[in-house]
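Asks: Each chain, letter by letter, is given below.
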Amino acid sequence: MPRAEYPFYSFQTPTDACRVYLPIRLSNPKTGSSTDIEMALVDTGADSCVIPGSLAGALGHNLKHKAIRPSPTLGINGTHVDTYGHTFRLELLGPDAETVVWSNDRTVIDCIEAEVPILLGTQDFLANFKITIDYPAQKVVLQWPSTTSKKP
Amino acid sequence: MPVVTINLPKQKCRFLALTPGALGKVVAYANDRATLLKKAKKAGVDKPVIMPVLDPRSRYIF
Numbered sequence: 651m652p653r654a655e656y657p658f659y660s661f662q663t664p665t666d667a668c669r670v671y672l673p674i675r676l677s678n679p680k681t682g683s684s685t686d687i688e689m690a691l692v693d694t695g696a697d698s699c700v701i702p703g704s705l706a707g708a709l710g711h712n713l714k715h716k717a718i719r720p721s722p723t724l725g726i727n728g729t730h731v732d733t734y735g736h737t738f739r740l741e742l743l744g745p746d747a748e749t750v751v752w753s754n755d756r757t758v759i760d761c762i763e764a765e766v767p768i769l770l771g772t773q774d775f776l777a778n779f780k781i782t783i784d785y786p787a788q789k790v791v792l793q794w795p796s797t798t799s800k801k802p
Numbered sequence: 027m028p029v030v031t032i033n034l035p036k037q038k039c040r041f042l043a044l045t046p047g048a049l050g051k052v053v054a055y056a057n058d059r060a061t062l063l064k065k066a067k068k069a070g071v072d073k074p075v076i077m078p079v080l081d082p083r084s085r086y087i088f
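Protein sequences appear in the order of chains A and B.
Here the first sequence stands for residues 651 to 802, where the numbers follow the numbering used here.
Here the second sequence stands for residues 27 to 88, where the numbers follow the numbering used here.
The set of hints was computed from the structure by calculation and includes no laboratory data.
Because the structure is a prediction, the values reported are computed rather than measured.
Possibly wrong hints are sitting among the right ones.
List time: in silico EDC-like cross-link candidates among lysine to aspartate or glutamate, alpha-carbon distance up to 20 Å [said to hold, decoys possible]:
hint: 1; chain 1: B; residue 1: K38; chain 2: B; residue 2: D81
hint: 2; chain 1: B; residue 1: K36; chain 2: A; residue 2: D666
hint: 3; chain 1: B; residue 1: K36; chain 2: B; residue 2: D72
hint: 4; chain 1: B; residue 1: K38; chain 2: A; residue 2: E765
hint: 5; chain 1: A; residue 1: K780; chain 2: A; residue 2: D686
hint: 6; chain 1: B; residue 1: K73; chain 2: A; residue 2: D686
hint: 7; chain 1: B; residue 1: K67; chain 2: A; residue 2: D686
hint: 8; chain 1: A; residue 1: K789; chain 2: A; residue 2: D686
hint: 9; chain 1: B; residue 1: K38; chain 2: A; residue 2: D697
Just chain B, same shape as in the assembly:
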């Protein structure tokens, strides 16, 4: 099963809005959910999939 690769915007952000569906593309980004939803709606996506961004240059341990 191929890895789903998500292209991050150049600007740093905490959340992405993806089009619905497993292979969604990024339609908006923001640092908080409220702004993200507004931007997604403006982009024509009323019910986006919300993805928290993890910095690809960092390694995380939880």
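Just chain A, with the same shape it has in the complex:
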């Protein structure tokens, strides 16, 4: 079973809250344009991934295109947030943040107007992996079945 192991990240000092980021790259399958490597926050409590609209726009998506119906989504505090689903290719990079280790060629990901960090949620990303967030060892390990591995 392919696996990749990543460190935790903190800002300023190691005593700050350690957070789980993974290096990813997004692209628009229609235009072929892609982002640089982005560190995305793992959010096991989120049902789906979220991408800021500015990033979707930079890849050639029209966030509020008339053909895209906003879907009602709730923030954790119950606040209603409009999300707009757009199609992306999502690549997960290895711990070196250079090598692609897994990818999904076409996935619809929720985009929102707010400038939020990219969040990696369950249905469209985490569900593909056995994910171990090992706080004592300060690492996160992803494993995925080789049959569903989409390594390019």
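Knowing the structure of chain A, use the given hints to seat chain B on it.
Replies: Relative to chain A, chain B alone:
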């Protein structure tokens, strides 16, 4: 596995550009991606790793 500690610039910012590689160092900072990429290029890094900044003095709940 050691925690990767990222040193924030004194000025508040929303994004950092890191050198490629897992232990990248900060080469630029900005409040938007376009400016960040320009600054990173000026610093000699054409393809930086982009990291959104979370304020270390705050606790976040998502």
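Asks: Measure nothing beyond the straight line between the CA atoms of K36 (chain B) and D666 (chain A); if it is 20 Å or shorter, mark the hint as holding.
Replies: This hinted pair holds, its Cα atoms lying about 17 Å apart.
Asks: Holds or violated: are the alpha carbons of K67 (chain B) and D686 (chain A) at most 20 Å from each other?
Replies: Status holds; Cα separation ~12 Å.
Asks: Hinted pair, alpha-carbon criterion (20 Å max): K73 (chain B), D686 (chain A). Please report holds or violated.
Replies: Given pair K73 (chain B), D686 (chain A) holds - Cα atoms ~6 Å apart, limit 20 Å.
Asks: Compare the distance between the alpha carbons of K38 (chain B) and E765 (chain A) with 20 Å, and conclude whether the hinted pair is satisfied.
Replies: holds, 16 Å
Asks: Do the alpha carbons of K789 (chain A) and D686 (chain A) lie within 20 Å of each other, as the hint requires?
Replies: Violated - the C-alpha atoms of D686 (chain A) and K789 (chain A) are around 24 Å apart, more than 20 Å.
Asks: Tell me if the straight-line CA distance from K38 (chain B) to D697 (chain A) falls inside 20 Å.
Replies: violated, 31 Å
Asks: Can the restraint linking K780 (chain A) and D686 (chain A) be considered satisfied, given a maximum Cα separation of 20 Å?
Replies: The given pair, whose Cα atoms are some 26 Å apart, is violated under the 20 Å limit.
Asks: Hey, K36 (chain B) versus D72 (chain B), does the alpha-carbon distance stay inside 20 Å?
Replies: violated, 24 Å
Asks: Take the C-alpha atoms of K38 (chain B) and D81 (chain B), compute the straight-line distance between them, and say whether it is at most 20 Å.
Replies: holds, 9 Å
In terms of the numbered hints stated before, the structure departs from hints 3, 5, 8, 9, listed from lowest to highest.
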